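Taking the hints into account, I'd like the entire structure generated from these sequences.
Protein chains: 2
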Amino acid sequence: MTELRREPVTRMWVAVTTDQPKGPSDYLSLKQDYQPREAAEPCPFCPGNEGMTPAETFSVKQKDGTDWLVRVVPNKSPFFHVEGDFDRRPEGMYDLMEAIGAHEIVIETPEHHQNLSTLALDQIGNILLACRERLLDLKKDLRFQQFLILKNYPGVFNRHPHCHLMALPVVPKIIDEEISGTIDYFQRKERCIYCDILREELSVKKRIVVETGHFLAFAPFASRYPFETWIIPKAHSPDFYSIDQESIIDLSMVIQSLFRRYYRLLANPAYGLTFHTSPVQGRHRPEYHWHIETRLRIGLREGFEWGTGFFVNPTPPERAAAYLREVG
Amino acid sequence: MTELRREPVTRMWVAVTTDQPKGPSDYLSLKQDYQPREAAEPCPFCPGNEGMTPAETFSVKQKDGTDWLVRVVPNKSPFFHVEGDFDRRPEGMYDLMEAIGAHEIVIETPEHHQNLSTLALDQIGNILLACRERLLDLKKDLRFQQFLILKNYPGVFNRHPHCHLMALPVVPKIIDEEISGTIDYFQRKERCIYCDILREELSVKKRIVVETGHFLAFAPFASRYPFETWIIPKAHSPDFYSIDQESIIDLSMVIQSLFRRYYRLLANPAYGLTFHTSPVQGRHRPEYHWHIETRLRIGLREGFEWGTGFFVNPTPPERAAAYLREVG
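Protein chains in written order, with our numbering: chain A, 15 to 342; chain B, 15 to 342.
Hint data in this document are derived by calculation from the structure and do not stem from the laboratory. All figures in this text were calculated on a predicted structure; none of them were measured in a lab. A few of these clues could be false.
Same chains, same names: a pair is fine if it fits in one copy or spans any two.
Claimed, not checked - 30 Å max Cα-Cα, derived DSS-like pairs, lysine-lysine:
| hint | residue 1 | residue 2 |
| --- | --- | --- |
| 1 | K154 | K36 |
| 2 | K187 | K203 |
| 3 | K187 | K248 |
| 4 | K219 | K203 |
| 5 | K36 | K90 |
| 6 | K220 | K75 |
| 7 | K203 | K77 |
| 8 | K75 | K90 |
| 9 | K203 | K75 |
| 10 | K219 | K75 |
| 11 | K220 | K36 |
| 12 | K154 | K75 |
This is the structure we're talking about:
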């Protein structure tokens with residue numbers, strides 16, 4: 015049978031297959047070898063080629079102040095431009111505006127062939143620190159409503175480990191829906207829905223993947239994708255950029271542990287990782303609870319969205335979490 | 015530069031790249047050869063192997079009443095089961111129910127190696143007729159709220175041309191959002207938003223791909239995906255199942271023309287096709303306007319959804335429509 019489970023924040027129904035659920039071996043058998051599409055020219059993200067990128071906006075240097083460990087640069091082909099005017103205008107019955115914003119690349123390590131499952135703890139901490147510092151700086155620009163930090167592995171045009179950091183002048187749809195769900199729940203209960211989810215998951219335990227002092231990684235009840243995992247701070251906070259140094263170390267441990275588990279369980283799977291953090295400026299919502307969502311890209315019809323926001327997930331999150339716990 | 019364009023029904027912002035827009039050659043260079051994953055065993059959808067599928071729920075036969083032309087059968091591995099009880103219940107703070115519904119396969123032709131761009135007009139009409147008849151029959155079951163008709167090309171587990179037909183006990187998220195947007199617009203204007211979009215597109219012309227007496231195929235203003243196309247009936251109607259025979263012939267022409275254009279322009283691209291039709295029973299909305307949405311799967315970062323409902327489309331719909339018109 016299949017169960018329909020409701021995602022409590024956005025109230026979306028997800029179909030979760032409970033009989034003949036699929037496990038790691040089913041996905042491994044479907045796996046298509048991904049041919050790296052490495053450019054022949056030198057990698058602009060490698061040390062020595064810094065001149066190939068725009069000037070850095072931030073970097074973490076080695077203790078002796080020489081070589082960089084993490085480097086943030088404006089994207090050479092950005093989706094957003096910092097200069098210019100929004101020029102909000104109609105076109106016939108439609109609305110449009112110029113895409114004013116920021117689009118930067120966080121170069122996660124000087125080493126071309128690393129990835130999240132092989133990076134040292136300190137280095138993951140350096141990446142998180144760089145992201146935080148860039149958001150704190152970009153927050154000074156009052157035109158931006160939303161920050162996105164996103165990573166896709168493997169990268170499409172360059173395998174050198176990197177993620178995207180964007181400041182948008184609008185709030186993307188899914189964040190907007192999460193905000194609505196959060197406010198709706200708060201109005202009914204005067205509690206944060208994510209804090210309640212945390213309590214529920216800590217109590218029933220069966221969907222937990224990794225737990226530390228400050229964070230919980232778990233497979234959500236209405237997982238849309240097989241092995242979908244949310245990493246959420248235990249203390250309520252709307253904004254990733256408010257994270258302190260102790261929590262950065264703690265979060266690095268959770269990320270390293272989770273991605274090592276993915277690597278071992280599913281043979282270095284392709285994945286996407288997105289930070290969900292409150293909008294800023296006038297759209298800021300203290301009721302929101304920032305978190306990270308990960309989704310694997312491991313099968314063609316697995317975790318399928320049927321074109322209408324209707325997801326079918328053949329691996330129940332209770333099983334996914336058990337697999338990920340056991341592989342540790 | 016990039017423009018932010020607002021999709022008028024769901025009010026989602028989409029980033030559309032207007033400088034250095036990508037054309038067909040950019041996608042063709044990215045194309046990865048897709049290895050057919052054909053099973054070694056006989057195809058259950060081929061003539062002679064009818065015993066390998068459950069008993070058919072509907073078929074279109076040749077005029078002499080012998081061989082079938084289109085055959086509809088229950089899916090052997092359905093996401094939904096017709097028998098049983100919803101058993102709506104809480105699990106901790108969450109909600110769940112059994113997935114009661116129907117999940118059928120429409121076998122589109124007896125010929126294993128056909129596809130939408132090679133099928134004859136009559137045969138496309140037969141497929142549409144079979145879909146209509148199945149919906150009219152399933153509508154008698156008062157438990158179903160929503161019908162989905164979906165096609166993915168190429169099929170994941172079988173290349174024999176087929177599509178999925180489902181009856182769901184819930185309304186999927188995107189349909190729900192479209193309904194909300196439609197009602198909201200109707201309350202403000204006392205007009206259907208899709209009828210207004212039709213008028214706009216017929217007036218400005220630049221996003222039209224194919225036009226017939228009863229249907230318009232156009233690239234929507236805020237296309238999320240390169241070459242995204244909507245096929246919409248010119249006369250207001252909430253329900254695909256109300257389509258008459260004359261409109262079926264007309265729609266077959268539009269589908270054949272559109273998919274032949276895709277085939278020629280982008281070398282037989284992978285695609286998804288979804289019918290968006292009003293929910294039924296208590297959720298039925300006469301304000302809704304049924305239509306078909308197509309999306310191509312032709313690039314890795316093209317038409318990318320950045321994990322938060324934020325889409326970036328590097329091919330403006332005006333250009334996509336021009337390419338598709340010219341290739342005819």
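Verification of the supplied hints:
1. K154 with K36: neither (47 Å within a copy, 34 Å between copies)
2. K187 with K203: Both. Shortest intra-copy (24 Å) and inter-copy (24 Å) distances satisfy the 30 Å Cα cut-off.
3. K187 with K248: So K187 and K248 pass the 30 Å test inside a copy (25 Å) and across (29 Å) alike.
4. K219 with K203: within (24 Å within a copy, 51 Å between copies)
5. K36 with K90: between (41 Å within a copy, 16 Å between copies)
6. K220 with K75: neither (41 Å within a copy, 52 Å between copies)
7. K203 with K77: neither (48 Å within a copy, 64 Å between copies)
8. K75 with K90: within (22 Å within a copy, 58 Å between copies)
9. K203 with K75: The answer is neither: 46 Å in one copy and 59 Å across copies each exceed 30 Å.
10. K219 with K75: neither (40 Å within a copy, 55 Å between copies)
11. K220 with K36: within (18 Å within a copy, 46 Å between copies)
12. K154 with K75: Within one copy, since 24 Å is at most 30 Å while 68 Å is not.
Of the numbered hints stated above, those contradicted by the structure are hints 1, 6, 7, 9 and 10, listed in ascending order.
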